[in-house]
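Enquirer: Spelled out, the chains give:
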Amino acid sequence: MSEGERKGRTMDEQSLIQKVQEGNLEAFGSLMDIHVRRLRAVIALNAPVPHLIDEIAHETYVFAYNHIQDFQRGTSFFAWLKSIAWNLLRAEIQRFSREQANQLKYAEKRVFDVAPVRPLEHSAKELDGLEKCLERVPPRLKQLIQMRYHLSFSTEEIADRVDQSAAWVRTTLCRLRRQLKDCVQDKMATEKA
Amino acid sequence: MTDKELIDGFVAGELDEAGMAQLEAELRANPDLVRELADQRQVEQALRVLLGDDTADQQVTVSVLSVLRADPLDSFKSDLLDAVKKEADQKRRQDAASRAPVAPHPMPEVAEALRPVPAPVPAPLRMPRRRILPWAVAGSIAAAALVALGVALYPSGPKALGPDSHAFLLSVGPGAKLNRDGQLLPVRVDMALVSGDRLTLEEPGETRIGFADDPTRLKLRGPAVFHFVQGGASKRIDLTKGECEIAVPLQAEPFTAMTPHSELRIREGDVRLLSASDFARVEVRRGLADFTSRKDHKTIAVHADTYAVAGKDVELVARPLDKTLPSPDGPGVVALLRRVQGEVFVFSQSPADRTPAKPGRAILEGQAILTEGPRSSVVLDYPDHTRLEIGGDAVVRRLTDEKDRTRKLVTLERGGLVADVAKQPAGKAMLLRTAHAEVAVLGTRFALAAESEATRLQVEEGAVNFTRIDDKKTILVRSGYFAVAAPGKPLDPAPLPGGVRYLDIDLGAGVTSGDGEWTVEGRTVRQSRVSRLAEGGASSILCRAESEEKDSLVIEVVVDVDQATPDTAIDRGTWGFGLEAMFRDRNVVLRSAQGPEGTSVFEFPGISAIPFEHGREGTYRLKLSIERKRGAEAVLRGKIWQGDREPDGWMIENVFELEGPMTQVGLQTVRSACSFSSFKVKVLKEESR
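Quick note, the sequences are listed as chains B and H, same order.
Under the working numbering, residues 1 to 193 are what the first sequence spells out, in order.
Under the working numbering, residues 1001 to 1689 are what the second sequence spells out, in order.
Because the hints were derived from the structure by calculation, they are not lab data.
Ideal placement from N, C-alpha and C gives every residue a C-beta, glycine not left out.
Where hints are given, some of them may not hold.
Said to hold, decoys possible - As a list, the in silico DSS-like pairs of lysine-lysine whose alpha-carbon atoms are at most 25 Å apart:
| no. | chain 1 | residue 1 | chain 2 | residue 2 |
| --- | --- | --- | --- | --- |
| 1 | B | Lys132 | H | Lys1623 |
| 2 | H | Lys1623 | B | Lys142 |
| 3 | H | Lys1004 | B | Lys142 |
| 4 | H | Lys1550 | H | Lys1623 |
| 5 | H | Lys1295 | H | Lys1312 |
| 6 | H | Lys1004 | B | Lys181 |
Unchecked claim - The following label-pair restraints were derived from C-beta to C-beta distances:
| no. | chain 1 | residue 1 | chain 2 | residue 2 | range |
| --- | --- | --- | --- | --- | --- |
| 7 | H | Trp1650 | B | His150 | 22 to 28 Å |
| 8 | B | Ser154 | H | Arg1478 | 52 to 58 Å |
| 9 | H | Arg1188 | B | His67 | 45 to 51 Å |
| 10 | B | His67 | H | Pro1031 | 29 to 35 Å |
| 11 | H | Arg1478 | B | Gln14 | 53 to 59 Å |
| 12 | B | Ser154 | H | Glu1659 | 53 to 59 Å |
| 13 | B | Ser154 | H | Asp1214 | 22 to 28 Å |
Input sequences plus hints: build the corresponding full structure.
Expert: Listed below in structure tokens is the structure:
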């Protein structure tokens, strides 16, 4: 995003926030549209189970609307959303681990046990890194990623289309995610240094 | 299954019981795997959100707005009971009306067609689609109980309409305007459409419409004029102008789409409806539709993979979509379609008669080609290997001269194309015409773009005669130059920005090596035999192509891999293809080499390598950039991709000492049979960069 676009968006955002604070619900719809994808993505980087992503995003927005008068205009709305989401996610994970974790299958439970809850600011940086790392994925592998994550093809469907076995698709995607994770961690470490 | 397969199956939600049990056993045996599983799921979830379509985003937005807009439960209950009562009354009226004599359907007056049929329930204006979320479950159960109660009290039959009888905008294309009761409203995603809304799309683009009660979806392509008549159980729309793709799940009452010339009714299926000033056309991809001409009220059944046209002077008959496909070697064939991307059609007289284009299809004399959307494109080859790459939103009316069928005459009505013209017979220069200009060529490569006010020509190789139609003024435009023909504007060749020019490459004089068999057909080079050598198996063709000292170069080629050696799985070599450039003291090769899993590379041999794995057959594009500056090492960059959209950035890069001018460029294969086309060498002068 260019500096001009960023400024333009910030100005739009501030005027939308003003309208929402004046009681305009439609403006809140537009405000949600600006951040919903990134908010869901940073939650996704922390949510131990997939269905929490949209629930936390939903509750974050409802909370934000009901407390919009508390928002200080001129500060970052997205940062505010992230802090709301973080608190909701933390509480939800605690509740979830108390009530439902024993109902999970073993693998789910183990993933849940090791799921970190970090400030979403950290996840936002991870997300930036992930987007940059994605740009470096070779086109052929990008095609696999598109088929899995954009077109929601099953492994068998992908295998048919790329004329490979399902095992190849699974292995390649698994490797690719590991490479992306390593790439993101490298970027984070470099930035820290 | 291996650990990786298990992990992928788990994060994708595709593991069965046995797989889950195996994964659990692995996790118990190897605690480190838990961290890997968590990392993998984290990346998986983030990718699904980042790369998924906007449906989930919209669902969150809609569910939030739904909660924020929701009236208190008491008011919701009373609204629901009102709706149920109204539905019962409505049903009684409809039943009574159905026993009365039926009046003939009104004729094409659009306003008449727009009048809603007896409306079941007034659509709520601000009732977005509700997403089922846990906190909504209790309310839903209460609502369901109320509906059941209402239905019991007012037995109106099975077609009870809920409050969600409206439609809403899933996405909004450019230039969309919504007129409601004479007022223009701002258009935005998630907005509800109510009966009588008129949606106008003034620009090319796509607007998607959903219905609140089921997954019926409309994809409206601009420019278009669309009226929403009603939703609910008897969905009804009017397409006054434009094109609409309609996907209808099973309906109790048929979905109805009106146009000024037709009425379409479908219970289930996928159709494309085109509404033009003098005809309407329906193509049925799935299901069965009834299509009625409003001229004479004749109705026909249109089955899957057939189409029908209704309108003035048109016979209403269903025809197979592929009926017009001619044999590639049949009489009157002038060209073959090679690559087709996006929305590409072939037609003879009118776009109403169009049929979808497919690779391999033959184009007959008099047939025209239409591409819709900026990303659509098609490549076609004449028998002499002259190639046209037609871009998006283009119409090419003719491919040969009506009077002399041995001469190529292309009429470009609108849009752009790149022509790679093989050497033409003396006296039979290939002609390309637009509204403003004519191009005459005997063999070269150039790009031509016809716009409404002007025609632009850009010559990559050779020289082209460019004539302005208005005053018959002709200029010669050489490689590295462009010219614009427009009424009242000077017609002069001008150098391309950046001092770009293209080297002439005489492919026919290329020198071959290795065990390949190279043939040159027009401007296509083919290595047609797969080497069976146990080691090596490389083959190349090198052509003279001289640049100046320190010229920077960009070399590009399109590679069709026709066949690769079948035994790469055996660890005795790889297969691949590449580009080569020879300099005074060394040569540069950019190559994609495919081996057994994990050993494939995209490389500058000896310099750097990255993994790149792809299937055996397919079409690939290679690009090699050699940037040279005085007193510095050359910077080499390379990329490879599939499809017509070039990825941003470079995939590999390195510095290299290169002395002297380039003397030859070439193509190479390793144990594969490939066709190379669009081979070109762009030269960038150091001082002009």
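Enquirer: Each hint should be assessed against the structure and marked as holding or not.
Expert: Hint by hint, here is what the structure shows:
1. B:Lys132 with H:Lys1623: holds, 22 Å
2. H:Lys1623 with B:Lys142: Roughly 18 Å between the alpha carbons, so the hint for H:Lys1623 and B:Lys142 holds.
3. H:Lys1004 with B:Lys142: Given pair H:Lys1004, B:Lys142 holds - Cα atoms ~19 Å apart, limit 25 Å.
4. H:Lys1550 with H:Lys1623: Holds, because 19 Å separates the two Cα atoms, which is no more than 25 Å.
5. H:Lys1295 with H:Lys1312: holds, 8 Å
6. H:Lys1004 with B:Lys181: holds, 15 Å
7. H:Trp1650 with B:His150: 22 to 28 Å: Since the Cβ atoms of H:Trp1650 and B:His150 sit about 24 Å apart, the hinted range of 22 to 28 Å holds.
8. B:Ser154 with H:Arg1478: 52 to 58 Å: Roughly 54 Å apart at Cβ, these two residues keep to the hinted range, so it holds.
9. H:Arg1188 with B:His67: 45 to 51 Å: violated, 24 Å
10. B:His67 with H:Pro1031: 29 to 35 Å: violated, 42 Å
11. H:Arg1478 with B:Gln14: 53 to 59 Å: holds, 54 Å
12. B:Ser154 with H:Glu1659: 53 to 59 Å: holds, 54 Å
13. B:Ser154 with H:Asp1214: 22 to 28 Å: holds, 24 Å
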